[in-house]
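First to last, the protein sequences are chains A and B. Counting in the working numbering, the first sequence runs from 1 upward without gaps. Counting in the working numbering, the second sequence runs from 1 upward without gaps.
Hints are supplied without guarantee of correctness; some may be wrong.
[To be verified] Computed list of lysine to any residue pairs in SDA-like fashion (alpha-carbon distance at most 25 Å, straight line):
no., chain 1, residue 1, chain 2, residue 2
1, A, K102, B, R123
2, A, K102, A, R120
3, A, K102, B, F189
4, A, K205, A, T187
5, A, K102, B, V244
[Said to hold, decoys possible] Looking from chain B toward chain A, a few residues come up when the C-beta cut is under 7 Å (computed):
no., residue
6, G29
7, P32
8, Q121
9, F124
10, S173
11, V177
12, V184
Keep in mind the hints are simulated off the structure, nothing from the lab. Since this is a predicted model, take the numbers as computed values, not measurements. All residues carry an ideal CB built from backbone N, CA and C; glycine is no exception.
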Amino acid sequence: MGALLLALLLAAPAMTAAEAPLRVASLNLTADELLVEMLPADRLVAVTRWADDADMSNVAGRVPATAVRLPRADLERIIALRPDLVVVSEYTDADFLRLVEKSGLRYHRMSDLDTLPGIRAAIVDLGRAVGTPDAAARLMARFDAVLAELARRLEGDPRPRVLYWGDPHTAGAGTAIGSLVEAAGATNVGRELGLRGIVPIAGEKAFAADPDAFLVAQGSGTSVALRQHPLLSRTRAVREGHVVEMPNRLLVALSDRAADAAWWLASRLHPARVSEAAPPPNLP
Amino acid sequence: MSERDRRLFVFAALAVALPLVLLGALSLGSVPLPATSVVRSGLARLGVGSPSPLPEMGEVILWSVRLPRVLIAALVGGGLAVVGAALQSLFRNPLADAGLLGVGPGAALGAVLAVNLGWAQQRFLAMPFAACAGALLALLLIYAIAHAGGRPTLSGLLLTGLAVSALAGAGTSVLLVAVEEFRVRTVLFWLAGGLEGRGYEHLALAAAFVIPGSLALLLLARPLDVLSLGEEEAAALSLPVHGVRILVFGLCALVAGPVTAVAGSVPFVGLVAPHALRPLVGPLGRHLLPASFLAGAVLVVVADLAARSFGQYVELPLGSVTAFVGAPYFLLALRGQEGRG
């Protein structure tokens, strides 16, 4: 039975060019970033308004002018664009998706973006869903090459203990930020403390954890708040100035740019091994 | 104008206003649809007249997205207004509304739990059902606690409701703090009220409780009028005071629970609609309850239209729109009353 199922799966035809969606609408920033790389301009009919925001987006300035910028997930506007496929996020609620289906639209849901392997798998899935697996493979090749080069350079270097501080949230196990910290050659203190997900952490607990560095979002005011915090301002990391302010577009990157984010963070944590803030251009 | 003529005029005005605002709400939105085309599309569905002039995209927007949403708005408004009117008679207090029942905080707790556990993202209708379960559990808890020491007084019921609401609110806060950042938006939007993403299944859920519940409350209009004279007077008129009170309380919760589950928190409708109508149609339940239903429906349909039309970047929360309109009206009305007092 299992062999028959496997044979059927292997015999299943791949999506042909004729079946590939010709009009794709994106309802999340991660999909915006990936679809700008994967699709010809005329097949991307809508992106989120965040796609043009240089603070948040890694493709700002490169989004096709023809793509409609959706200020919000307004189903009526989406229907009016007549997309063949709507790309939604893991957090889109099931009731909205049912209405999308009932409106005759097909959707692809990106999920499991909380680890680098999960992000990798989601990129492959998206490439398959929009009918451009080759473009997805190109992104993957670079993603893998950046992470492999990073791992090579960091090999044997001590791993600093880093605590993400979102005042008062931190990132435990099973989070993209935790995964990013570890890919950048550090130990995620949130995971070390047994935390899971993005969860609040008491100031006293963060103080007692005595991290080597804090990771915060740039321009959010968190860094200032950290330096003024009655307890955390007295941690070794803050006193020695080890507060890494990461650009938002990298901190929230759940696309192929997550590898660039890991590289950027590694350049701050291991400057002797990773001197450049971005991966070298000679990588594929 | 005699009292009867004024009442007839108000009912006629509401009966005309409701279909008009429904038509307006069906026509207006992110993608405007001409009102005449909406009417002709409706007639075409009934097999009357020529085929619909709307393009396929317009048909989908009208019938799959807009119609269920607009009808839910009408039911939400109607239900909340009837509940408000009934509770104001029951408590003999013009400030009473569904918020007193504990169903709002109970529903919020259920909804936040559904989001926290990831059900809202994975299972269709998980959030409204969880909210409905939370509302009904809160009600049962209020009933059980209030009856623990024998038949409760009105103030006992009220205070128990407040205590259970506070407990549910505390539970919601604890869960809200632990909700992942990306899911917070879903929770906040639900807490602030809204009808985005609601379809025919949500309409069925609301209709299954609001229509029979409101009709049952209307049938209790006369006992409610007797109760509003005072408990001793009602008992002297052979009214089973305790039974009627529990029945009204239960029916109000059965209407308000699913309404809150489907639309989140939509404040002030239950206060404003009956308050505005009482001087026009009089305090008798048989007039005030149906008029409140119609006025509440008009109010929320218009508020929802404003919510989805005015916010460019985010849809305005429906609850905020009703509060923006309701709170100033209510304060003005209150000041007017104090001035007269």
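Cross-check of the supplied hints:
{"no.": "1", "hint": "K102/A - R123/B", "in the structure": "16 Å, holds"}
{"no.": "2", "hint": "K102/A - R120/A", "in the structure": "30 Å, violated"}
{"no.": "3", "hint": "K102/A - F189/B", "in the structure": "22 Å, holds"}
{"no.": "4", "hint": "K205/A - T187/A", "in the structure": "17 Å, holds"}
{"no.": "5", "hint": "K102/A - V244/B", "in the structure": "43 Å, violated"}
{"no.": "6", "hint": "G29", "in the structure": "5 Å, holds"}
{"no.": "7", "hint": "P32", "in the structure": "10 Å, violated"}
{"no.": "8", "hint": "Q121", "in the structure": "6 Å, holds"}
{"no.": "9", "hint": "F124", "in the structure": "5 Å, holds"}
{"no.": "10", "hint": "S173", "in the structure": "12 Å, violated"}
{"no.": "11", "hint": "V177", "in the structure": "5 Å, holds"}
{"no.": "12", "hint": "V184", "in the structure": "10 Å, violated"}
The structure does not agree with the numbered hints 2, 5, 7, 10 and 12 stated previously, though it agrees with the rest.
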